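Engineer: Sequence:
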Amino acid sequence: MTLYHLAQLSQPTGPNGTSLIPQQVNTELKRRADALLQRGFKYSSKEEEEQLGKLKRLRADDSDHESGMADYEILL
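Each residue of the sequence shown is one higher than the last, beginning at 1 in my numbering.
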């Protein structure tokens with residue numbers, strides 16, 4: 001359940017805000033998540049959003065012993 005919701009939350013968008021994922025994929029993600037909900041699986045959207053935020057952060061260190069966090073995206 002978490003995997004399907006993370007996939008939906010992390011979809012890339014184009015410059016005009018539309019999803020770059022084909023509609024067929026979005027429809028299938030929703031169908032599978034709905035099937036799990038009907039079987040009684042639970043999920044926490046707040047937890048998933050926090051988890052996604054952690055997955056999208058990268059620790060960045062430099063030679064001056066400064067450190068920080070940065071958002072990143074990987075295009076496949």
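No lab work stands behind these hints, which were simulated from the structure alone.
Check each hint, because a few of them may be wrong.
As the list claims (entries may be wrong) - As a list, the in silico BS3-like pairs of lysine-lysine whose alpha-carbon atoms are at most 25 Å apart:
hint, residue 1, residue 2
1, K56, K42
2, K42, K30
3, K54, K30
4, K30, K56
5, K30, K46
6, K42, K54
7, K56, K46
Stated by the list, open to error - Cβ-Cβ distance ranges computed for the label pairs, FRET-style:
hint, residue 1, residue 2, range
8, R39, S10, 21 to 31 Å
9, P15, R39, 33 to 43 Å
10, Q8, R39, 14 to 24 Å
Just so we're clear, the structure is a prediction, and the values are computed from it rather than from any experiment.
Think of the CB as a built atom: it goes at the ideal place given N, C-alpha and C, for glycine as much as any other residue.
Engineer: Within 21 to 31 Å or not, the Cβ separation of R39 and S10?
Structural biologist: holds (24 Å)
Engineer: If you check the beta carbons of P15 and R39, does the distance land in 33 to 43 Å?
Structural biologist: About 39 Å separates the Cβ atoms of P15 and R39, which means 33 to 43 Å holds.
Engineer: Does the alpha-carbon distance linking K56 and K42 stay inside the 25 Å limit?
Structural biologist: holds (24 Å)
Engineer: Are the Cα atoms of K42 and K30 separated by 25 Å or less?
Structural biologist: holds (15 Å)
Engineer: Against the 25 Å threshold, does the CA-CA distance of K54 and K30 hold or violate the hint?
Structural biologist: Measuring from Cα to Cα gives roughly 23 Å; hence the hint holds.
Engineer: Is the straight-line distance between the alpha-carbon of K30 and that of K56 25 Å or less?
Structural biologist: Holds, at about 22 Å.
Engineer: Please verify whether K42 and K54 have alpha carbons no more than 25 Å apart.
Structural biologist: holds (21 Å)
Engineer: Under the criterion that the straight-line Cα-Cα distance not exceed 25 Å, is the pair K56, K46 satisfied?
Structural biologist: Within the cut-off at roughly 16 Å; holds.
Engineer: For a C-alpha distance cap of 25 Å, please report whether K30 and K46 respect it.
Structural biologist: holds (18 Å)
Engineer: Does 14 to 24 Å hold as the CB distance between Q8 and R39, or does it fail?
Structural biologist: holds (18 Å)
In this structure, every one of the numbered hints holds.
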